[in-house]
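J.: So the chains spell out like this:
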Amino acid sequence: MSDISHGKDRRDPRRFDRRKSTNVSTHLELLSKMSGHLAVTLNIEETIQKALDLIVQFVKAEGGALFLLDENNNTLVCKASVGPVDIRGIILKTGEGIVGQCVAENSSRIVRDVQQDPDFDHSVDESTGFQTRSILCAPMAGHFEKIGAIELVNKSDASGLFSDTDLLMLQTLASAAALAISNAHMAEDLVIQERVSRELELATEMQRSLLPASRPAPFPVCGINLPAYEMSGDFYDFFEIGDGRIYFSLGDVSGKGMDAALLMSKTASLFRCLGKTLHQPDELLATINRELCETAIHGMFVTMACGLFDPATGEVQLANAGHEPLLLHARDGCFTAIPASAPPLGILPLAAGEDGIRKDCLNLDGGTLYIFTDGVTEGDLANGNQLGVDGFTDIIRESTGLPAADRLAAVVSRLVNTGRTRHDDITLLAIDASIPCLKEDITHNRQPMVIRHTFPARASELQAAREFVNKACADCGCSKSMATDIVIAVGEAIQNVVRHAYKDIEDGEATLEIVCKDGIIEFQLQDSAPTVDPEKLKPEWPEEPGPGGLGICIIHDIMDEVEHLPAPSGQGNLLRMVKFIESNSNET
Amino acid sequence: MKHEISQKQDASVVAFSGEIDLESSPAAREVLLKCFESTSNVIVDLSEVSYIDSSGVASLVEALQAAKKNGSRFSLAAASEPTRRVLELARLDKVFTMYDSVDDGLTA
Numbered sequence: 077m078s079d080i081s082h083g084k085d086r087r088d089p090r091r092f093d094r095r096k097s098t099n100v101s102t103h104l105e106l107l108s109k110m111s112g113h114l115a116v117t118l119n120i121e122e123t124i125q126k127a128l129d130l131i132v133q134f135v136k137a138e139g140g141a142l143f144l145l146d147e148n149n150n151t152l153v154c155k156a157s158v159g160p161v162d163i164r165g166i167i168l169k170t171g172e173g174i175v176g177q178c179v180a181e182n183s184s185r186i187v188r189d190v191q192q193d194p195d196f197d198h199s200v201d202e203s204t205g206f207q208t209r210s211i212l213c214a215p216m217a218g219h220f221e222k223i224g225a226i227e228l229v230n231k232s233d234a235s236g237l238f239s240d241t242d243l244l245m246l247q248t249l250a251s252a253a254a255l256a257i258s259n260a261h262m263a264e265d266l267v268i269q270e271r272v273s274r275e276l277e278l279a280t281e282m283q284r285s286l287l288p289a290s291r292p293a294p295f296p297v298c299g300i301n302l303p304a305y306e307m308s309g310d311f312y313d314f315f316e317i318g319d320g321r322i323y324f325s326l327g328d329v330s331g332k333g334m335d336a337a338l339l340m341s342k343t344a345s346l347f348r349c350l351g352k353t354l355h356q357p358d359e360l361l362a363t364i365n366r367e368l369c370e371t372a373i374h375g376m377f378v379t380m381a382c383g384l385f386d387p388a389t390g391e392v393q394l395a396n397a398g399h400e401p402l403l404l405h406a407r408d409g410c411f412t413a414i415p416a417s418a419p420p421l422g423i424l425p426l427a428a429g430e431d432g433i434r435k436d437c438l439n440l441d442g443g444t445l446y447i448f449t450d451g452v453t454e455g456d457l458a459n460g461n462q463l464g465v466d467g468f469t470d471i472i473r474e475s476t477g478l479p480a481a482d483r484l485a486a487v488v489s490r491l492v493n494t495g496r497t498r499h500d501d502i503t504l505l506a507i508d509a510s511i512p513c514l515k516e517d518i519t520h521n522r523q524p525m526v527i528r529h530t531f532p533a534r535a536s537e538l539q540a541a542r543e544f545v546n547k548a549c550a551d552c553g554c555s556k557s558m559a560t561d562i563v564i565a566v567g568e569a570i571q572n573v574v575r576h577a578y579k580d581i582e583d584g585e586a587t588l589e590i591v592c593k594d595g596i597i598e599f600q601l602q603d604s605a606p607t608v609d610p611e612k613l614k615p616e617w618p619e620e621p622g623p624g625g626l627g628i629c630i631i632h633d634i635m636d637e638v639e640h641l642p643a644p645s646g647q648g649n650l651l652r653m654v655k656f657i658e659s660n661s662n663e664t
Numbered sequence: 003m004k005h006e007i008s009q010k011q012d013a014s015v016v017a018f019s020g021e022i023d024l025e026s027s028p029a030a031r032e033v034l035l036k037c038f039e040s041t042s043n044v045i046v047d048l049s050e051v052s053y054i055d056s057s058g059v060a061s062l063v064e065a066l067q068a069a070k071k072n073g074s075r076f077s078l079a080a081a082s083e084p085t086r087r088v089l090e091l092a093r094l095d096k097v098f099t100m101y102d103s104v105d106d107g108l109t110a
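Going line by line, the protein sequences match chains E and R. Count along the first sequence from 1, add 76, and you get the number used in the working numbering. Count along the second sequence from 1, add 2, and you get the number used in the working numbering.
Source of the hints: derived by calculation from the structure; they are not laboratory data. Do not take every clue at face value.
[Unchecked claim] Which bits of chain R does chain E cover? Going by a derived footprint, with three or more residues having C-beta under 8 Å, they are:
hint, stretch
1, 53 to 60
2, 68 to 80
3, 86 to 97
Where is the CB? At the ideal position from N, CA and C, for every residue including glycine.
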């Protein structure tokens, strides 16, 4: 300390010579004032600038700069600057120059006279025109991390040189600033954490809302989803389509976490949206699969089973893309596993059908169909063993006689509160055909499906009308070959209206009403053309093969009932055709 | 409905595609009858026809009758299931000469 001419002094702050301290109480006052200032702000930028302003003021320096380490601890960036030259944004390398060394070694430096110091980097002075005479530099560090450093230049008195007292002052203030910056960092992290946790909460809520509301008995479908963490990679859904049948689905997205949860939400939404119009489970899964493949996220896939249950008959049409085998618990107590009929979704585009996504048909016949994710069978019991399929069937057997929702709850109760951490979501779905009053109830309440299509009676409209008929047949559960026949028959009927009834009329109109109820599909085709004598509309096969009168013969051939009626409005013709429905399940 | 005509050996192969109904059957009729002006063997490729109604069938019947009248050959090939079904319903599946494929028709 005696040798000022060396201009260079590295020291431990604790070794500071107390005799040289001037008026400790003033320092404490300043310190407390600064801490008070810093405590009120949690904004980093503001904290840093304020800290430096106060320090420069207290130590009476001409200028000062505050440097913060970047995330990799490689460089120091000037974040605040006070004095004649604004050097904010200047970047220094850790370990180089006075500031860099100060940070690297976590020790303070006083350079009384820079002209005597070989470490001094003149480049900044050269580029700014500022003349540095004396430097003070103190590192800022938290408990576990280096934060940066504060550098002061030129004491603002006649000598322009700093003293040891100034260094002590700077060290103390730098510690306070480090604490304030550290706090501001933590506050910032807390704000981010808070926001993320709020967003997660909203996302969880949003995801729960994708699950269907549970329905009171005797509704035959119920489910449970219990995520392991906030967000679930599993889902289930069910809803009624217009004809009284119930669409159900259950899926499991590979992987866990937010990405799985988002893919789950997408898949569940596709099911609900497409299921309203696509009433063939195999085609539905094929369509969802195409959609998932198109926007595939590398390596993620979905196993999913879905089906249509007809409470009136107990029939189920199923499609299972790579999901755990479904379990049918028959009335006689036997369990049958129904394995997947296709690979998981989101890997390869596949068509519906034998070679792609196959459809299975079965009749629950008073039994219950269970669908579950591997989180159930691979879930840990209190004794540490996995539940397994056998464990599952045991619980179901024990709870026979209980409502389906209670049976599912019995399974879940064995898997939670086991004292073990769950790592997988638990999801179960039951389709219960055992409720005795079900059949009557649902059939009784079943609303007939009625759809109507009015169109100009022109040849160019025929194709659209046939498509309308074809879709209605599928919606009513007609088999494919039956739908083909019906389209042929109704197509001929419409063609007759265009060709014969409206023979000389350009702007005629026809209305086709389709009613689907109680195992029949009924078509009423009405026009407002001049009334045709029903006698002329009897099917008569021509003796020689030829085109004449063919349409009427075909209609009578295909339909179970055909009636020509006068139109209710008084003018026009009404053709009523009825077909008894053979459902898809009769087709293999 | 669209159509394409190609010459294969001594035959004109008329390949229809799409739906042959009241709207398109007059065009189909014209295409077929015109073929007989330049050839005496017409094979109709029905593989791409997804639907045919009685007016379309009538066009085929008319072509068959025209062929018989001037001693030409007229056959149908590769009818899809819905097309076959209409011909069957019209009791005409035995009236037409039908082949499983155009090649079968050419070698017959």
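J.: Compare the structure with each hint and give your call.
T.: Here's how the hints hold up against the structure:
1. 53 to 60: holds (count 6)
2. 68 to 80: Violated - the stretch 68 to 80 of chain R has 0 residues with a Cβ nearer than 8 Å to chain E, which falls short of three.
3. 86 to 97: Since three or more residues must qualify, the claim that chain E covers the stretch 86 to 97 of chain R holds, with 7 doing so at under 8 Å.
The earlier numbered hint that this structure contradicts is number 2, and it is the only one.
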